[in-house]
Amino acid sequence: RKEVEQDPGPFNVPEGATVAFNCTYSNSASQSFFWYRQDCRKEPKLLMSVYSSGNEDGRFTAQLNRASQYISLLIRDSKLSDSATYLCVVRVPAGTALIFGKGTTLSVSS
Amino acid sequence: EAGVAQSPRYKIIEKRQSVAFWCNPISGHATLYWYQQILGQGPKLLIQFQNNGVVDDSQLPKDRFSAERLKGVDSTLKIQPAKLEDSAVYLCASSHRDNPNEQFFGPGTRLTVL
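Residue numbers (our numbering), protein chains in the order written: chain A, 105 to 214; chain B, 198 to 311.
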């Protein structure tokens, strides 16, 4: 079983749509959770951290369910500029490197 | 603030040849990471340095890959000899000691092994 698994995608949605990405992780000792964004042929960049209480940053909402080992990202009112690959990322003990999922590709069209 | 610098940006070699990649992290970032990203996959950690010491190299294929960060600043990753399956983007990232959760990635080196 992969350490971090994501929806295979790709997701093709029109502008203004709401889209949700799901992710599961296998190691119950995972301590930190993130969503990174990677544009085509570019490097990954941190989009947002994910907290147990859920957190929101503008049109983006991230949620974590530790019991189910499940992470989600909701994007509301999709923009063309949201087109990218979204990587689900976990860290086990503090100070260690990040474990990335394969990523889910989002394409927003006009 | 300057970002993570990597060179070269692209490299094409034949199998069994050697290749080296260079990375200069963000100034003041003690932790440096090398990742391998194969097409269609997420980045996979190869090695993590804290200053000039290795923290984690458990996924580094040590029979052909080596990395160093002698002065605790810039780093070099070498592959010798290269195999076809080494074709990937090699990403360098760095993070500050006070915020290890945010890693800043360089643009990567795209390696093609023929």
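Mixed in with the good hints, there may be bad ones.
Said to hold, decoys possible - What the simulated footprint calls covered on chain B by chain A, stretch by stretch (three residues with Cβ under 8 Å from a Cβ of chain A suffice, anywhere in the stretch; the number is not a length): (1) 239-249; (2) 300-306.
What the hints assert, rightly or not - Mimicking DSSO-like on lysine-lysine, the simulated pairs with C-alpha atoms at most 27 Å apart in a straight line are: (3) A:183 <-> B:259; (4) B:212 <-> A:146; (5) A:149 <-> A:106; (6) A:206 <-> B:268; (7) B:212 <-> A:149.
What the hints assert, rightly or not - If the Cβ cut is set under 7 Å, some of the chain A residues that face chain B in the computed set are: (8) 114; (9) 115; (10) 150; (11) 191; (12) 207.
It should be emphasised that the hints constitute simulated quantities derived from the structure, not laboratory data.
Think of the CB as a built atom: it goes at the ideal place given N, C-alpha and C, for glycine as much as any other residue.
Do the hints match the structure? See the list:
no.: 1; hint: 239-249; in the structure: holds (count 5)
no.: 2; hint: 300-306; in the structure: holds (count 5)
no.: 3; hint: A:183 <-> B:259; in the structure: violated, 44 Å
no.: 4; hint: B:212 <-> A:146; in the structure: holds, 26 Å
no.: 5; hint: A:149 <-> A:106; in the structure: holds, 22 Å
no.: 6; hint: A:206 <-> B:268; in the structure: violated, 33 Å
no.: 7; hint: B:212 <-> A:149; in the structure: violated, 32 Å
no.: 8; hint: 114; in the structure: violated, 11 Å
no.: 9; hint: 115; in the structure: violated, 16 Å
no.: 10; hint: 150; in the structure: holds, 5 Å
no.: 11; hint: 191; in the structure: holds, 5 Å
no.: 12; hint: 207; in the structure: holds, 5 Å
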